[in-house]
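Trainee: Going down the list, the protein sequences come from chains A and B.
Quick note on numbering: our numbering labels position 8 of the first sequence as 8, and the sequence is numbered without any gaps.
Quick note on numbering: our numbering labels position 26 of the second sequence as 139, and the sequence is numbered without any gaps.
Simulated from the structure, these hints should not be mistaken for laboratory data.
The hints are all genuine.
Subject to a maximum C-alpha distance of 25 Å in a straight line, what follows is the list of computed BS3-like cross-link-like pairs (lysine-lysine):
(1) B:K133 / A:K86
(2) B:K140 / A:K73
(3) B:K273 / B:K291
(4) B:K133 / A:K87
(5) B:K242 / B:K290
(6) A:K46 / B:K164
(7) A:K14 / B:K164
(8) B:K164 / A:K7
(9) B:K140 / A:K38
(10) A:K14 / B:K140
From the derived model, a few chain A residues whose C-beta atoms are all more than 10 Å from chain B:
(11) M1
(12) D4
(13) P30
(14) E41
(15) N44
Model, not experiment: these values are computed from the prediction.
The C-beta atom is built at its ideal place from N, Cα and C for all residues, glycine as well.
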Amino acid sequence: MEEDYKKWLTQFRKGYVELYTLLSLKKNSPLHGLAILKFFEQNNLKVNEGTLYPLLNRMETNGWLSSSWNVPKTSGHPKREYQISKKGEEILPLLLEAYEDHHKSINKIIKEK
Amino acid sequence: MKANTYINELEKELSLLPKKQRDEILKEISSYINESQASYEDVTQRFGSAKDLALSYLEDNPALKVKKTSIPKLQKFFIGLSIFSIALVILAFFLFKYFTQDAFDYSKYNAKSIQNKITQNWKSLENIKNIEVHQASAVLYWSQDNVSKYSCAKEARRSKEDSLLVKQNTCYFILPKKMFLITAFQSDLTLVKPLYATDVKIEQAELRIAQNENEYEYIFKKEHSKIKSLKSVKGNIVISIDAFQAHVNKYEY
Chain A
1 MEEDYKKWLT QFRKGYVELY TLLSLKKNSP LHGLAILKFF EQNNLKVNEG TLYPLLNRME
61 TNGWLSSSWN VPKTSGHPKR EYQISKKGEE ILPLLLEAYE DHHKSINKII KEK
Chain B
114 MKANTYINEL EKELSLLPKK QRDEILKEIS SYINESQASY EDVTQRFGSA KDLALSYLED
174 NPALKVKKTS IPKLQKFFIG LSIFSIALVI LAFFLFKYFT QDAFDYSKYN AKSIQNKITQ
234 NWKSLENIKN IEVHQASAVL YWSQDNVSKY SCAKEARRSK EDSLLVKQNT CYFILPKKMF
294 LITAFQSDLT LVKPLYATDV KIEQAELRIA QNENEYEYIF KKEHSKIKSL KSVKGNIVIS
354 IDAFQAHVNK YEY
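Just need the whole structure built from these sequences, with the hints factored in.
Mentor: Laid out in C-alpha cells, this is it:
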C-alpha cells in the first residue's frame, strides 16, 4: 500500500513541482537548487532534493528554464542558477489553467452527493 | 563514508548520459554537498541512492533516447554487414567452384564415350611409354580395345623417342592395356578406372583416381604428401604412386 502511494506521489509530484518551480522562478530569478527548495519550504511544500534536481535538469532540457553558473569572486562554491525562459513564461498560464480546472473538477466530485 | 563517494557512485550510474550533461549534473550535486556540508548519509537521505537519483535523471532524457535509438541502428549496421559478408563468402565459394571445377564429370565416361565427348583432334600415342605432364591438366582413360591416343588443347611434343611432354596444356589420354610411366609436376592428374598396372610419379601435384566400382592395389611412396580416401586391396591391378609434396585423393566431381 505504502509502495503504491509512493509511486503515485512521485508521478503526481512531477507535474505540480514543475508548476511550482516555474512559479517560484517567475517571482524570484535567478535561484539555485537549494534556494528553490527553501522557497518551497517557506510555502509549506515538501519536495526533496532527489525529486527537484533531476526535474530542473529535465525542465531545462525542455527549454522551460535556462541556467548559468554563478562563480563567487571571493569565497564560496559555484552555484547553478536557474531562471524561467521565454518558453517557460508562455507555458506557465496554460499549466495554471490546467491545474485550476483539475482542482475544480476534484472539488466538484467530492462535493457531489 | 565520504560524500564524495556518492558523487563517484552517481558518475558510474550516469555513464549513459553524454559527458557534458553528466559533468554538469555532477558539478551541481557536488556544489550542493559542499554548500550544505552534507555527509554521505545526509546526501543519501535527501537525494535517495545514487542509483535512484541517476534513474530520475535518465528518465525521459532526450539525449538518452538518441542513444537508445542509435543502438538498433548499430545493430542494423552489423546485421547488414554480416549479411553482406555471408553473401560475399557464398559468392566467393561459387566463383572458386566455377573456376576450379572440372569441365564435366570425368568418372561418367570411358575410353569409348570420351572420344565422342572430346571433339578436338585425337593423335596416336604409338611408341610412347612415358607421359610427362608439366603445369598442365591431364585425364587418363584405359581402353578395352588397346586404343592408344591423346587429345590436347594445344600442341604436345615428344621429349624423347618414347616420351610425350604435355606442358601448360589440357589433355585427355586413352591408354592401351600396357605399362605406362606417368610423371606429373605442378599439375592436375586424373586417372579414370585404370585397366592396367600403372606407375605414377608426382611432385607438387594433385592426383585423383576415379575408381568407380573397381578396386586396386596401391603401393604408395610418399614424402610431404597427403593421401586420402583410397583403400588398397591386394590382388587387384597395381597402381604405384610416388608422391612428393603432393595430394592423392579419390576422384569427386
